[in-house]
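A.B. asks: What follows is each chain in one-letter form.
Protein chains: 2
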Amino acid sequence: MTIDITKLIEEFEFNRILNSDTQTKQIAILGTIDLENAILIIEKSPFNIELINSDPKSVPTKIISSLSLINSNDVYNWAKATLNQDLDQLPAAKVNLIYPATETHIRKYNQQKLHYVRETPEMYYQYVIPYIDTMKGERLKWVYNILFHGKEKESFIYHDESKDGFVLLPDMKWDKVNLENLYLCCIVNRMDIGSIRDLSGSDVIYLGNLQNTIQKVTHKKFGLPQDQLKIFVHYQPSYYHFHLHIVNVHHPGLGDGIAIGKAILVDDIIDNLKIDGEYYKKKTIGYVIGENHGLWSIEGYRNSVRSQ
Amino acid sequence: MTIDITKLIEEFEFNRILNSDTQTKQIAILGTIDLENAILIIEKSPFNIELINSDPKSVPTKIISSLSLINSNDVYNWAKATLNQDLDQLPAAKVNLIYPATETHIRKYNQQKLHYVRETPEMYYQYVIPYIDTMKGERLKWVYNILFHGKEKESFIYHDESKDGFVLLPDMKWDKVNLENLYLCCIVNRMDIGSIRDLSGSDVIYLGNLQNTIQKVTHKKFGLPQDQLKIFVHYQPSYYHFHLHIVNVHHPGLGDGIAIGKAILVDDIIDNLKIDGEYYKKKTIGYVIGENHGLWSIEGYRNSVRSQ
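Listed in order, the protein sequences are those of chains A and B.
Read in order, the letters of the first sequence correspond to residues 1 to 308 in this note's numbering.
Read in order, the letters of the second sequence correspond to residues 1001 to 1308 in this note's numbering.
Hint data in this document are derived by calculation from the structure and do not stem from the laboratory.
Here the structure is a predicted model, which is why all the values come from computation and not from measurement.
Please note that a few of the clues may not be correct.
To be verified - A short, non-exhaustive set of chain B residues, derived as facing chain A with CB atoms under 7 Å:
1) Q1023
2) L1051
3) A1079
4) A1081
5) P1091
6) H1115
7) M1123
8) I1129
9) I1132
10) M1135
11) F1156
12) I1157
13) P1252
Where a beta carbon is used, it is the ideal one built from N, C-alpha and C, also for glycine.
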């Protein structure tokens, strides 16, 4: 059965705005269709460079439909404008409709309150380790499927099945087309590293080799030398099996994923472990966490943040 | 004389795309009007929340004009869409026209190539210190005007004129209205810190006091406790007189300014200096630098990056 998206949208009854991002020009709206929850996400489209380059003579009139001056000062002029659009060739937006939507979907799109947490080693041992234990097993099955059971094999960029080996594959966030937005993910075979907290001085050579191999493979496969890449991990990571993020330094919109308080350069991890092999076991690590995160549902964890 | 922006745009002859940001949906185009350089910047508008909330019953049909399904999978449906627009009430984009544009304008909007540089202490002593020397004196006069000559005094949030004191004031990037986007700048009175490279173990208490005072003042003045703030510095900084950045953790669009490879949490600086008082003198610091940066014009610096 094909979905009649136009009909569904017509039946969509507005409930509230879940999130509006003025930076990316995206909005997420909660509503109901036929009494069931639905989430409508509308994101404005980027400008189509290919279309511009294919017929440069018609720019900017092909882009801009009408203009109204707001103000002028010296050489600077501001105006508001309407743009040309065409559903087939020049759409103005991308629409996602999740229907029926679960509470988990709603939580995901609902703007959550964030906290900058200074996680002491004591907080880690008392609250984070037990939390991580609940995130292992079944929750990591999809990772083991990739590593050991050939899942997603067709998209592997590199695979070394040895003990210290890893899988390198395109991240879901990459369109696989624009090198400028290159985003790869490296998942290691080792099962004993849940996060940087598990790394110690004895892993310095392992991490160095890992990073070197990633750099070589990425250079050979995509022509991007190491000074065109940022290689980093997340703390807290989204899953507790060690993995690295590899992005082009020119990637324009990485948001929180590349921000301090979440991302940590592998170069820095190696340097710090060289200074003190127990660096990440002893360090109070600062990171930003949302109230939707599982850790935030632990009362003791929340209280230790509040008493900081 | 009022500018006829529509006429100017009609006369705009396309030369090349300077920059296209698929994240913020912005494009900068270089062209000529009447044989003089002109830069046209078009940025798509965010969704108008007030308009939605003022007439929620008409959502989403007031936003979306037409839809075409791309694909469906389980509860997920993707479509492309055209949107309703109105030059007066619901413009689709903001347009800036810089005309006539100078070479400096063009450089500013021209996408520059970036490099991830691992700056060794040797590179710092050989290339960066001499560069910093050229960035002092007259280049820092505006900073001294703020600190010691009452410039911008009307916007000060806090001012402590003692030796270890500082000025706290809104950053230019903040609209001074939305607390979610709060962005403050703290410029210290001390003249002996050009960058984190100049910090040592003897500055741990100074830095801790600095951060504590900023947190207290920001809490009192804006009601934002410390877990709502990220406090960090840049390396390389944009000017070589020690200053701190203070932002709300909810700030949506900070781009590279908050990214690893440029931003460093003050908490981490303090922790690292406690481990080794010479941490930032001995550390190889990784950061992203653009080819427009003054350091990149130094041949020896470039060569040492290329040989990494």
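A.B. asks: Run every hint past the structure and note whether it holds.
C.D. replies: Results of checking the hints against the structure:
1. A hinted interface residue such as Q1023/B counts as satisfied when its beta carbon comes closer than 7 Å to some beta carbon of chain A; here the least separation is about 3 Å, so the hint holds.
2. Taking 7 Å as the C-beta contact cut-off toward chain A, the hint placing L1051/B at the interface is violated, the least distance being around 11 Å.
3. This hint holds: A1079/B has a C-beta 4 Å from the nearest C-beta of chain A, less than the 7 Å allowed.
4. With a cut of 7 Å, the hint placing A1081/B at the interface with chain A holds, because the nearest CB-to-CB distance is about 5 Å.
5. With 7 Å as the threshold, the beta carbon of P1091/B comes within range of chain A, its nearest partner Cβ sitting at about 4 Å, so the hint holds.
6. The beta carbon of H1115/B comes within 4 Å of a beta carbon in chain A, closer than 7 Å, and the hint placing it at the interface holds.
7. Given the 7 Å rule on beta carbons, the hint for M1123/B is violated: about 13 Å separates it from the nearest Cβ of chain A.
8. Because the smallest distance between the Cβ of I1129/B and any Cβ of chain A comes to about 21 Å, over 7 Å, the interface hint for this residue is violated.
9. Annotation: interface hint on I1132/B violated; nearest CB of chain A at approximately 22 Å, more than 7 Å.
10. For M1135/B, the interface hint is violated, since its Cβ never comes within 7 Å of a Cβ in chain A; the closest pair sits about 23 Å apart.
11. For F1156/B, the shortest C-beta to C-beta distance to chain A is roughly 25 Å, which exceeds 7 Å, and the interface hint is violated.
12. Because the smallest distance between the Cβ of I1157/B and any Cβ of chain A comes to about 20 Å, over 7 Å, the interface hint for this residue is violated.
13. Below 7 Å, beta-carbon pairs count as interface contacts, and P1252/B has one with chain A at about 5 Å; its hint therefore holds.
Consistency note: the structure conflicts with the earlier hints numbered 2, 7, 8, 9, 10, 11, 12.
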